Amino acid sequence: MAIVAKVWIDEDCITCDACEDICPEVFKVTDDTSQILAAVRTDGTFDRNEGGSPLLGNLGAELGDIILEAAEACPVEVIKFELVGEGVDVATVEAEAPAAEAAVAPAAAVAPAAGVSEALASVFSGDRNLNILFGSQTGNSAGLAEKTAKMAENYGLTPHIVDMDGLDPARLASMKRVMIITSTWGEGEMPDNADAMWNAINANGPGLSATHYSVCAIGDTSYDEYCKAGHDWNNKLAALGGREAHPIQECDVDYEPAWRIWVEEALPRLACVDESGTLQLELLEEMMAYGAGDDEDLVEGDFSPGTIQREELTISLEIFRYAPEAAESGWDTLTCTVPGHATIQDLLLTMQRDVDGSLAFRRGNGAGTPTTGIRVNGRIVLADATMVGDVMASSGRVRIEPLPGHPVVRDLIVDTSRYEGHRSRAEPWMRTDPREGERLPSGMAMGTLDAATATALHQAGDVHAFQLIQAMSDALAHDPHYEGPGVHFQQWLRVLDPRTSEQQRRTIMNSLQEKDGIWSEADLSSLMRYGEDGRLAARGLNEARGALLNQNRYAGKSGRLVKWYGRSVKWSGNVNETTLYRQVLGPLGLVSNVFSGVSARMALAFTRNGSPPIRSLQSLLLPPAGLGRIPKMFNSKVDKYHEVVSLFNEIDQRF
Amino acid sequence: MAKIAYYPGNVARAGASEVEDCIQPLCRALNIQLVEIPRSSSDGGNVIKQATPKLQDALVARNLALAEEKGLDIMTTCATSHAIMCNTADDMKRDPIYAATINNLVERTSKVEYIGETKSWHLLHYLVEEIGLDTVRKAVKNPLKMKIAGYYGPDMQRQGACAGDDPFMPTYMEQLIEALGGIPVEYDSKCQSVGSTSMLTLEDSSLAMTAAVLSDALQSGAELVVSACTISHINLDSYQSKAGRVTGKSTSVPVCHLSEVVAFALGFYPDRLAQLRTRVRLIGS
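If you're matching them up, the sequences are chains A and Y in order.
In this text, residue positions in the first sequence follow my numbering: the first is 285, and each later residue adds one.
In this text, residue positions in the second sequence follow my numbering: the first is 14, and each later residue adds one.
Worth double-checking, as some hints may not be accurate.
Unchecked claim - A partial selection of chain A residues facing chain Y, derived with a Cβ cut-off under 10 Å:
hint : residue
1    : His762
2    : Trp803
3    : Ser809
4    : Gly840
5    : Ser856
As the list claims (entries may be wrong) - Taking lysine to aspartate or glutamate pairs in the EDC-like style, the calculated list, with each CA pair at most 20 Å apart, reads:
hint : chain 1 : residue 1 : chain 2 : residue 2
6    : A       : Lys921    : Y       : Glu33
7    : A       : Lys799    : Y       : Asp217
8    : Y       : Lys67     : A       : Glu927
9    : A       : Lys312    : A       : Glu361
10   : A       : Lys841    : Y       : Asp217
11   : A       : Lys924    : Y       : Glu82
12   : Y       : Lys255    : A       : Asp763
In short, the hints are calculated from the structure, not lab data.
Predicted, not measured: the structure shown is a model, and the values here were computed from it.
The beta-carbon is built from N, C-alpha and C at its ideal position, and this holds for glycine as well.
One chain only, chain Y, in its complex shape (with noise of 0.2 Å):
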């Protein structure tokens, strides 16, 4: 059985409790023990960061220690909580000096320091290249039977961040749609940002950027758009009818979290997948 630490990201318990509701069963499903962190903090959404990125370091550099303490790499469902982690981590790593202020200051607070050997995965990469697509399609219950367009968010889409996959034309949403029983559709806008840190203070910029992609994803044929940000979903999901509306672009389409079409595909939630599929074939979003 595979071991690795789980960290929610910041809204995973608390407004996307879809998230959650999925991503322990079909660990469960696929052999994979999660391990919670109760001490683990939230990493200050690149927010704090922009009053004093030394904060946000710290706070991040002690979830990694909390999971280091443990002997377990650490995984998440947010592409921005993922690049979060790979951020600090690179630059920890980057400037010894640096690491060594971020970590004089967790072991004076919390007493454990991050040596920088946790790695971050995000779920995506963790079930391409650890578990493998083949562990993956064998375990598939209700294949998706769908056209979906992946979202990966401009977030974890940089070298040091996306494991092996392409920063630039990524696949491994594709190849993972496609192990799941979906049809994989490919549009430009899929690393695009969202603008998803700025929905509050910059509402015009977001929900054109939002309905930007999603009217891509839709012209290019998608009936469900997947997202790898818990963040950006609340963007793409949410807001979606609003952005149509403030654009008048076509935006109408049905956006889950990667975990619940997961866990959907692995037989959980049948009820939900069979509401989902009339809605994609009926009714639209």
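Here chain A stands alone, though its shape is the one from the complex (with noise of 0.2 Å):
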């Protein structure tokens, strides 16, 4: 096992991505280059950590193997590392053992818990007032406020949740320690209760130079100012002369995640303000290690997590193995036992551990994340939200295999560009028409969705990952051509939404209509057997198919085939399939079945032989009962088929 001592980034990384998703713990991936987080790190920066700055705790022995196999997989080995013994000793990498007994704290606001060193006991003298300041248009940032409030409380920190409406700015400049959380409203906009608020500071703001912040920005990718709000109160602040605490982040729709990696990153950083107003980074490993505290004291979010009991389970493991290099692909085999609890990622792990440390896989940070998408005994699922226990089989079985209908890279981890490719091309992303809509009494635009119509769009597209849609079709992997259900779902949901512009909306109506958009797919029950996901896929798809039969009149093949049928049920109560091979494929269309050798087969072959041979012989010499064995040219109805030809006519007049 290797011991990291330290790990940065030389200059002229290519952002490939391939280190964040190998070891998302340690590297993240910028604009211009991957980066080692704060959290990591003695100096508690984030940035490439060209000055060296040692690995936190036990994490370099923790991470060692996976920080070196991130190395390894670089394109341009640009990660360097330094490991235990080659120049840092294992003492320097650790942090500083806390004095065994608590300082004696001058007057501190709040009192701090026993065993804190003398340092960091000054920190909590005197002024811990942490504001928290939410912009809100639909209740999300205030929740967040809250949230954010609680665990503040574990860092020695007394907040306040301030709501921008109505904030005098000129209080700023005596906040100490300031958090922002606020979403972004239509195009770019302020949150209602935040847009006086930022008039007043643009029109006369106050000097901040006191002030330690941070930004959390709650926005929706689709969208083109994505979180602005929050990045023009970040640029606000520090023009003011504010100091940023912790860098800006940015929360899509799904933005409990990506605020919980910000809370837990900006609030110790925040808290190591002292009573002068100073950032003592150096104390933010003691102050991190203060704020995780006991199990028992720990606050986290508003509920406390409960025990879990689950009995271990002994299971008979089959993992994929695919090695590029040698084009080879076989099977791991094994018998293990794991915590009830475990997730599938965590199997993963363990394996990776334990077993073989050359097993790949995408990683997740545990709450569902799309690119987890994997096959585990037959069900596409994601593997870091996918608890074992949930998908073995009664006989123990777990097979686990890459996600079906994308390419196999290595082992369970499959490349997605053609997905991404597609989806790039469909643009199922917002764009509006100028809208008249609702105006606040400021005379800021906002949102003209109503409740019903928001909830019912949610609830159409409420899909784990689109990802996982597109992979649970069985024709996607037999037409290279075929873009995809996932990708299709999408720009229906974008049609289905109000906001949408006419044209855009005629756009992608137009692009699911042509040859390889939604008629492409061969079977939508393919996607129906998956669970709630592959339900709600289907039919939106389902729906599309409806509205586009409609625009285009029942035209093209997939068209005729629908009219027909339908007008054939409509005629006798049942289905005749020489009218609909007739009518879908025209009658050269039945000549080529005669020539390709499927009539011949449908009279000679043996396994269907359920009649005469004179039927197969009817076939050959009537073309147009081109499917061969087709008892009769005629159907003959159902008894009372009026009673079906009066469902037609009370539901639907056009067949």
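Fit chain to chain and form the complex, with the hints in mind.
So, in structure tokens, the structure goes:
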């Protein structure tokens, strides 16, 4: 096992994301370069770590092997590291042990727990106020502010939740520690309650040289102005002389995971701001340890984790392996025992650590990361959010394969570039028309989506990940040009959104009707079998097909099939396959069946031999009966077939 | 004697008459009384649903209601038809307002309504769960004695449509094949789609999907493929040589419907079983 003392990034990083995919605990790839996360460094800084700050605590041992793997995987070899013993002694890596006894804190406003160093105790003295300002339109930011406040208490802070509505910007100057959590509304606008304060601070902003701050920006990547309100605040505070204690965090619609990362990194830093307004970064490690505290004291969010009691599972594990350099594939099999609450990702990590370090798979953050998609016992699931016990067969068998429908890169890692390429071309992101809509008293435009429509829209597309929907299609692997249900489902959801511009709606509908569009899915039932996500997607795509049939008046083979299927049922209550063949394929198509051997096989093959040979000859002699053993050219009607006709007339008279 | 309404699906009494030939005698042999529903219509085959989901659901609800009127569950030999009935029953159960709308239409036109008591069975699930494999085993007169790969398809392999079987790693067909004296063959593609509903509109994809399933079964050692779906059976059998030619894969293997092999094993059509054995051992497909 390798123990890494320090790790840093040289120049010329190509931002390929490989290091972050392999070891997201240490590496974070920005727009320009990979960087070493502050949370793992003794200096608590987020940059390339050219200064060679050692890794915190035991991280060098815990993550050593993975860091080495990331370095090995780096195509331009810019990840550099130093192992313990090569230049840095273990002792220098480990954190300084806290003082054995609590120092006496002079008149601290918040009394620290026993066992902290004298330096940390001095930070706890005096003003410990933390002001958490929220700008919220729908309540999400306000909810996060409350959660943030509860977690702030772990760091000896005294949190105050402040609604931006009515806050005098001049008060900001007297605040030592400020956290801003704000959403972005409409086309990059401030939420309602932040609008007045934003205008005021722009008109007459105070100097903020004594203020340390950090901003959490919530947005939606489908909008052009993603997280704009948060960036506006971040830039404004900086322009007024404020000191950024931690970089701005952007959060997409699934904001909780990103917010959690931010709050866990920003809170200890702001907690290190002392009475004089100085950020004591050298105390960051101890502050983080202090904040983590004992499990019993931990207050995280607005709930207390329950006790997990699950029996251990004995499983018979099969893992797909593929080595591209040798073009060899196969299965690793072994029997093992895992904790009852282990996820598939936990299982894979254990295999990688204890059995075979070369096992490759994508890791997630434990909250359902889309890129961890994988197939386990036939189910398409997210590895970091699926427990082994939920997918294990009754026999104990656990068979793990790569996500279907994508080329395999190595072991369980698939190449999703085809999906991303199709998605990029399909452009399922929001483009709106200029709209009148509702306006706030301030004159700012606001969204026009009413609650019922928003709920319906959310429910229509409430799936774990579109990558998983893409993988549910059995047809995808057999048609290299088919764009796939994951892409088409996103497009259809955009069509359903009333905020979408008419032009974009037309563009998407035309794209869905094209050759590699929605009609290239050979069987929607292959999606239906994958639980609620598959059911939602299949239903949405079926609705899209209905809309296309209406728009294009049943044009093309697919349209003719639907039209004549319906008509033949309406005429007799039964399907007439002869009619379908004739109408969908046309006379030439029927004749092609004779020459392609299909009709001959129908007539002569052994297995479908339930009728006299004369019926087989019928298909050869009468080309319209192209299906072969069709016993009747015309169907008899079902009893009381007028009831069927009445149903058609009541519901859909187009047939 | 077990008594159940019979729904032949869309093709058993048309292009797949071999199914109809076999289902009647096999049920007599297993003491199952099939009750006809002469007023039942096509279920829309998931094709009408593309234009009007409500119309397909109304057609299906009417069929279910006609069986319910007789106080019976309903059985079919087609996986697609079974899945369609399960889907409609599920949708109506999930949404009472939608169910009321559908029932209102069915009641006005056909004087029946579907309350939700009648459930759909596929022949496979009915034999395994209601009749019992021991009963089937005792009734076998001509053990199949062949390596047989069961084909389930995707339609009925989902929660709520596959009875007590595992939706993703089903074993009912293998258990039944064993009871019939055959040797079940495991292969990965047994639940994969063969694109049967799209053969007329997406021939290239459907042929490739068909070839993938057949070649997988062959590589796994199958001498015979048994299909639980009447419509997929057409792809697997009639289109297999074309699928092999187009994809370059080996696809040549005899394909039977489930009802055929059960009838053969129970002693019906011994001449066909003899021919099938000859084909398997000497000639191939």
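Evaluated hints:
1. His762: holds, 4 Å
2. Trp803: This interface hint holds because 7 Å falls under the 10 Å limit.
3. Ser809: holds, 5 Å
4. Gly840: holds, 8 Å
5. Ser856: Status holds, d = 9 Å.
6. A:Lys921 <-> Y:Glu33: Since the Cα atoms of A:Lys921 and Y:Glu33 sit roughly 18 Å apart, the hinted pair holds (cutoff 20 Å).
7. A:Lys799 <-> Y:Asp217: Holds: A:Lys799 and Y:Asp217 sit about 13 Å apart, inside 20 Å.
8. Y:Lys67 <-> A:Glu927: holds, 16 Å
9. A:Lys312 <-> A:Glu361: holds, 16 Å
10. A:Lys841 <-> Y:Asp217: holds, 14 Å
11. A:Lys924 <-> Y:Glu82: Holds, at about 16 Å.
12. Y:Lys255 <-> A:Asp763: Between Y:Lys255 and A:Asp763 the Cα gap is close to 17 Å, so the pair holds against 20 Å.
Hint compliance for this structure: no hint is broken.
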